[in-house]
Amino acid sequence: MLALRLLWRNWRSGELKLLGLALVIAVGVVGAIALFTDRLERSLIQESNALLGADRVVRSSRPINPDWFPEAEARGLQQSQAVTFSSMVFAGEEMYLAGIKAVDERYPLRGNLVVNERAFAADGNVVAEGVPAPGEAWVDGRLLPLLDIALGDTVGVGEYELTVTRILVREPDGGNPFNAMGARLLMNLEDLERTEVIQPGSRVTYQWLLAADSDTVLRQGVEWLEEALGEHERIIDLRTAQQGLTNTLDTGQRFLLLAAVIGVLLAGVAIALSARQFAERHEDQVALMKSLGAGAGQVRRLYLTQLLVLATGASLIGLVLAEIAQRAIAWGIQSGFEVQLLAPGFYPYVFSLLTGVIALVCFALPALWFLPGVPPLKVLRRELEPNRLEASWQLFFAALAVVVLVALFSRDLALALSVLAALLVVLLITLGLALALLSLSRRIGASAGSIWRLAVASLQRRRAESLIQIAVFSVALMLLFTLLVVRTSMVAEWQATLPEGAPNHFLVNIPEHQVAPIQRLLDDENIERQPLYPMVRGRLTEINDNNARELDLEHNTLRREINLTWTDSLAEDNEIIEGLWWDDWQRSDADLPGVSVELDAATGLGLALGDRLRFSVGGLELRAEVASIRTLDWNSMRPNFYFIFEPGALDEFSPTYITSMYLPAEDKPFLNQLLRQYPTILVMELDRIIEQVQRVITQVSNAVQLVLWMTLFGGVLVLFAAVNGSLAARRQESALLRALGSRRQLILGSVFYEFAILGVLAGVIAIVGAEVLLMGLQLFVLEIPVRPHYWLWIAGPLAGAALVSGLGVAGCRSVVTTPPGKVLRELA
Amino acid sequence: MTGTLMVDARDIEKRVTTAEGELQILHRVSLSVADGESLAITGPSGSGKSTLLGILAGLDTPTSGSVALAGRELTTLDEEGRAKVRADHVGFIFQSFQLLPGLSALENVMLPLELRGVSGARERAREFLARVGLSERLSHYPPQLSGGEQQRVAIARAFASQPRVLFADEPTGNLDTVTGAKIIDLLFELNREQGTTLLLITHEERLAERCGRRVELTAGELQGA
Ligand SMILES: Nc1ncnc2c1ncn2[C@@H]1O[C@H](COP(=O)(O)OP(=O)(O)OP(=O)(O)O)[C@@H](O)[C@H]1O
Ligand SMILES: [Mg+2]
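Line by line, the protein sequences give chains A and B.
Using our numbering, the letters of the first sequence correspond one by one to residues 384 to 1211.
Using our numbering, the letters of the second sequence correspond one by one to residues 5 to 229.
Just chain A, with the same shape it has in the complex (with noise of 0.2 Å):
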């Protein structure tokens, strides 16, 4: 077949090979982000179930209908039962309000309990295999001292004696910390009944997990649940039972897609960029070829069936490529975490086949549309220009691509429209400013040494495909600026919600007399701890003599009771943005106690210094003045309140202390002092729940850093694509230049300024772009406040100029090296 002898014919020389890795590159990346994600996203989903220790649980106030249970057996479901209640724990004369659940032995179908053979104890933690059995009890740790018991010992629940075995470290379900039910205690479903303690008007909780191995089976098999359940149950899913985990997973999804997405388009940068180059060496081929006789269609079809079999074959060698990469990366991330994850499903790898696809018809087609229509005569008449298909119609199927791909990638159309509107916005500014900027390095290149005037002069000779080159650099260091941020701003909100030594355990309810002893004794200690605020609860009624509930207004401070405190000192993530702190502040004439706000509240409310508000704090009254409004870091794991008054403002309300500190892991056997010493304080670890979202987050991370570097490598055959394009013409260049004596050196110099210019103008577009592209990513998709990257103003320019003359020397070396004589004699 000809088409095939012409292919073979084209590879040989070389045209087609940039094309053909361009398209093995696009395939490869997006295979390889597509199949890692999809098993990360499964892993994921997987692994957050496993927070909730099945993928779906049904939560009810009464026992569940026994009739569901074969039927949901029927449809292929696992399935497992656990109730929870609070009751008292007996141990001797010490008894508890204990967290207690009682579960079958399937429990969890997702994630698993940890057990230790010690309390508090750092090392030893492992993972359990089946449940308590009957007549066994596992207990949280704080349950030891609260009972004095030790390991061994039987408790008390209800009617029933059950013997302590194990410390319960960590359980799926694990719950709010803050709606903390007291210290859990894991027993046997089969116990419950012995212990009669589950009477009529008990408040319990029935849950039945489920789970399946197919989505299909879990989606069927909660449609009919929906159906059969009644007003009691309520299904529960990781995204209602876990909300800021879920929150942190989606961000990390989308993340990872937003790097697809700009791989795809660094490939699709490339592959345009070559079809163009491919389109531009073809054209006096095509003339030729139809002087000679070959019609249009003729043309066509051998040209189609050339990219058709360029295009399957890049496919599948990138496909190839794809999985080794996918699995190296998993490899890596498995073993370093070990964490399994699970295998990629079908589609990501038709996605990838797909890509190959949509990248050639949108990406290399319109670039070579006007082949078959380059006028024979061309031969006779060079300076003929074939109808080339309009830019802008070339631009409308790059966005179509970038649409259809992102929409088959990630169904996410926010992020879609701001990366193709921050595309237009780039290519559009470029053109300005390329221009501009291009003629004033000539007013400065004139004034300067012979390297820089040569490589300002090769610029201005190719003004054109300077542009190009400028709009491709913008946008390839576009996308990677933006990546760069985006991991980098998401990283650190990620730690910003878990800062090194932040506080990670609560203590409540600390009786005003318990004060200054505890006070010491952490200070004895010397552990890390925040001041101890007072606290009472109470809903605000008024707003300047108006109901607040009957105000038009939103705010979770209206929903329901909220802590209020008063302190003397800010704490250090606060910030006066209005008003004055106590030091300055004067009470008005109406002589009320000032009270400090928190910015989203006083927004939510509508409150302005000098507003008058009242409280009700258990029925009593409390007014008071807003004095000023605060900022504050929510993330801080520190105690924080929306309304703080003035000091003694609460005294008559016989408030609570709260405090947050930070105890290191080696250090948890402190809480059997504290406790046993003030059994009365409510202590939350914190640190458990962050340790289960620090897992998760550091695989998501480390992912990202990976995903990250494929992208990149993405961004640099990009560059290499518009090096290669102008590479012929500099070699004739070079070669005159060297004939008529002029040394290596100052070629490669003066190649050298030219990619540097090219880049430090890139690089200024280029920030602008992401700077557009990073407002819209974060004012709709990742919901991350805005602000501008000054670092990325300076890094930019010397980034681009460093990376793009670099590889722009790199690809011109072979410029410099053949020897001039041969040069000359190919031109001829």
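Because the hints were derived from the structure by calculation, they are not lab data.
Note that this is a predicted model, so its numbers are computed, not measured.
Hints are not guaranteed to be accurate.
[Claimed, not checked] Here are the computed distance ranges between Cβ atoms for each label pair:
| # | chain 1 | residue 1 | chain 2 | residue 2 | range |
| --- | --- | --- | --- | --- | --- |
| 1 | B | G121 | A | L800 | 45 to 51 Å |
| 2 | B | Q148 | A | R1196 | 22 to 28 Å |
| 3 | B | T22 | A | R1127 | 42 to 48 Å |
| 4 | A | A819 | B | S150 | 45 to 51 Å |
| 5 | A | V740 | B | T22 | 41 to 47 Å |
[As the list claims (entries may be wrong)] These stretches of chain B come out as covered by chain A in the derived footprint (C-beta under 8 Å, 3 or more residues):
| # | stretch |
| --- | --- |
| 6 | 40-46 |
| 7 | 99-109 |
Quick reminder that beta carbons are idealized off the backbone N, C-alpha and C, glycines included.
Take the given structure of chain A and dock chain B with the ligands to it, following the hints.
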């Protein structure tokens, strides 16, 4: 000579619109070339020689007038139709050789045959390359060949598809005198053997003299001779 007309052009005009307004390149040019005849078109640079050649060969269309090539009326055909006529009857030789740099000498000669789906393309190409004295250079690429050698490959390519009419636009324009003379010899030798009709543009007196007839184009008007 069979007496039939291979090329028959009547009242050809060519006008193009440029930035400076309309430009008339050819003024009512009529020209006929008999089968087997050889014709030289001479004239100063910019007089419209290449434009005329392009129209006669069916690469371009006249603004008005009619052109018949090998008995087919070109002006009634679309580009696909003209391509068919070119494929069946026409060969070209260009000043700049127009060899594809990525293809070996042999492959360059094979290309028109392959495009036509001729069987035994490789053997035929080899034969013609031998005919122009390049048997030893079959697998060489154009950049590795001298200008004269490249033009010989182009001549082999033109004759290998055994066209009835050959158009040449300054075939010796890029060659030195000695090499040019050799190329001219080769061209006419093959032309005589194959009985091809030959239309060539040249600045060179030597070349024009060897043609059966010559016409001169000045400022788009034919000064017949
Ligand atoms: N499509 C076109 N648009 C504008 N000008 C044209 C076009 N085609 C030809 N010309 C002009 O018409 C004139 C004749 O061109 P042509 O190439 O036929 O000349 P020529 O006789 O072959 O010259 P030379 O000996 O230099 O090759 C030139 O001035 C050329 O610039
Ligand atoms: Mg000419």
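How the hints compare with the structure:
no., hint, result
1, B:G121 with A:L800: 45 to 51 Å, "50 Å, holds"
2, B:Q148 with A:R1196: 22 to 28 Å, "23 Å, holds"
3, B:T22 with A:R1127: 42 to 48 Å, "44 Å, holds"
4, A:A819 with B:S150: 45 to 51 Å, "48 Å, holds"
5, A:V740 with B:T22: 41 to 47 Å, "43 Å, holds"
6, 40-46, "violated (count 0)"
7, 99-109, "holds (count 6)"
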